[in-house]
Amino acid sequence: MALPLKYNIRNLVVRKGSTLATAASIGLTIGVFLMVMALARGIDLTLATSGEPLNLIVLRNGSTAEMMSDVSRDNLNVVQFLDGIAREGDQPLISPEIITLIYKPRKGQTQGGNITIRGVGPMAMKLRSGFRVVEGRTFQTGLPEAVVSRRISERFQGLGVGDQFRVQATDFRVVGLFEASGKAFESEIWADVNTLRNASKRVSFTSLLLRAQNSSQLAALEKRISDDERLKLKALSERRFYEEQQGTTSMMLKGFGTFIALIMGVGSCFAGMNTMYAAVANRTREIGTLRVLGYKRGSIMVAFVLESIAIALVGVVVAVLLALPLNFVSTGTSNFMTFSEIAFNFRVTRELIIAAIIFGVGIGLFGALLPSLRASRTKIVDALRAT
Amino acid sequence: MKYAKLVIRNILRNKRRTLLTVSSLAVSLFLIVTLVTVLTEFTRGSDEANPLRLISRHGVSLAFHLPIAYRERIATVPGVQHVLPYHWFGGIYKEQKNFFANFTVDARLLQAHSPEMKMSDAQWQAFIADRQGAIVGKKLVDRFGFQIGQRITLKSPIYRISPEVIIRGIYTGGEEKTLFFHHEYFNEMTPAWSKDKVSTFGIMAKKPEDVPRIAREVDAMFLNTDAPTKTENEREFAMSFEAMMGSVKTFLYGIITAIVFSILLVTANTMAMNVRERTNEVGTLKALGFQRGAIAGMFVGESLALAVIGALVGIGGAELLYRSIDLSMYIPNFNSFTPQNWTLVAAFLLALIVGLVSVSFSALRVSSLTTAEALRRIE
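Read top to bottom, the protein sequences are chains A and B. Under the working numbering, the first residue of the first sequence carries the number 1, and numbering increases by one thereafter. Under the working numbering, the first residue of the second sequence carries the number 1001, and numbering increases by one thereafter.
Mixed in with the good hints, there may be bad ones.
[Said to hold, decoys possible] Each computed BS3-like pair below joins lysine-lysine, with the alpha-carbon atoms no more than 25 Å apart:
#, chain 1, residue 1, chain 2, residue 2
1, B, 1097, A, 234
2, A, 107, B, 1249
3, A, 232, B, 1195
4, A, 234, B, 1155
5, A, 254, B, 1249
6, A, 201, B, 1002
7, B, 1094, A, 234
8, B, 1197, A, 232
Just so you know, the hints here were simulated from the structure itself, not pulled from any lab data.
Please work from the sequences and hints to get the whole structure.
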């Protein structure tokens, strides 16, 4: 026969000070866990959604990041006429691109960060879904104009519509702001590829982005380009490229988050144990009475475990509610491969909330096991004799 | 202090509770020391910067290089003692996961430029004399077991060359996780697009007061060229790297605050339970003639004792652990992982404050009860 849940709830209310202190300490643990994991999740999601399934990115063989790559104009001429590339009218869907960096101070600070400027071909917007201009207009081919991601424009000085920035000896004018539904290139500035190439005095491109007709053509093109001895290029799907880019940062964050959460978890588990031991000790006579009334050892143990889990759940609920607004917070960090800024949002996903609940319940469970075992083992005679 | 015995007895009365509270405090303080150390290690570069050194890099970004010909022109700026190429090579030893920093430099000037690096004169001479020579920091030796005379190959994904260097010296002091080799040797084998280019110049000034002027004059010299420079003292340069960490700092402060609150709650809860269970005893003590202050003081003493034991275990444990295991070997961009003395002191003070604050409410409440009230209370 199980004890009514009401019994536990009432008990929690009676010792509200203790309940709240323990719940808050568990809540803080869960809160920290959620915050770090939401950051890692944000990076993961930004990168996972960035690559389009049929897109192929072409880099110089051996380069791990776009920054270090180099693709000549001859290479472009060979690649763009390969079979299997999707077409728009009679034009192949391919965008030669060039990236460079500019250094800008952050808003409200003197120190700044590097921002990626991407020179793109006319097909670039068709190759990347989600790109849309939200203020002003897009840049014109052949003119030193640029569109800036809204997120970057908000975080750095001098990148609003109408502002100018310099690449070597050329001044680019910001003519618009864009959004890209949270994809990786939403941390960039875009301009015309040839204008940027002239401005940065480069002869070659840094990479090519192209769209295959279908997935079997994608595999064929990947092999065709990578295996060509003369080209010395490497093609890989855009999706995989982004996954490789930031894998380490998000891995490090996850490791860090788990480490902190585990240590804090041990700490709040001890706190929970303390509370439960006190609860058991204070209620020794009550336990005796329950036993006399016919409740089994098992039911008493379950009752105390449930009580502890209820405390933990109060903490979890508060932590989750406080963490949810993080979904609207965007932040940024530097990619150490390219020294450039990536902006992303915290993401408190459903999986993460479930993980937080499991973690919190786990803390409550472990904290309660020993004390409730003790409660269930109390002999009726001793319990009733206790003061 | 005459109540010390009573305080100790009370602590030992419920050993399990004491143990749990102290352990909870200890793990949390351990975590706080760890996180603060992460923060202090982030800023070590700017804190320990040499006031005489400047670094000149491409005005746009570190990813772009400067012509090596700038070296002679920078050297003509009054107040400059010497200029040396200090070029990021970024070579990989065997596997990507072995990553460590490696630079090409002018070997003849490195000793004068980096007084913090300590190595025997014989090894400096051997390094300078061998064009293929390299020197490595002590921590790299600990990690990879490098020996003098060993030949190692560094594979560069940037330049697609794999120079073989011979270790001629092992230095201590400064960043002990770096390998240096000759810039001339690199320059010979690198592809045309990167020939005669360097990522940064290290500049040594004669006097600290010349440093800001040198920075201004160097930048003015190249202002309207293809490759303008950005010259900063070492501290500013390190800070610009630290700024790239973005919001990580704020993030860590947030976590530390959460932990502090958490231990405050844990200790307060324990003390509240102690005080509540002993309300009757407080009545007895009052009846025996103990003053309010003395009774409150005993509870405060008990809480402080818990905090001190927790602090000694947690902070001491962190100190011992990080002194014996050098975590920085496994964290890229970190050159050491040693808690600073003030971190330990601050964590200890924090524990004392937590001990005080957490007991204040319960102690006040119970000590202000009248004798009759306290004796009447049954729980």
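Verification of the supplied hints:
no.	hint	verdict
1	B:1097 with A:234	holds (22 Å)
2	A:107 with B:1249	holds (17 Å)
3	A:232 with B:1195	holds (21 Å)
4	A:234 with B:1155	holds (18 Å)
5	A:254 with B:1249	holds (17 Å)
6	A:201 with B:1002	violated (82 Å)
7	B:1094 with A:234	holds (21 Å)
8	B:1197 with A:232	holds (24 Å)
In the structure shown, a violation is registered for the earlier hint numbered 6 alone.
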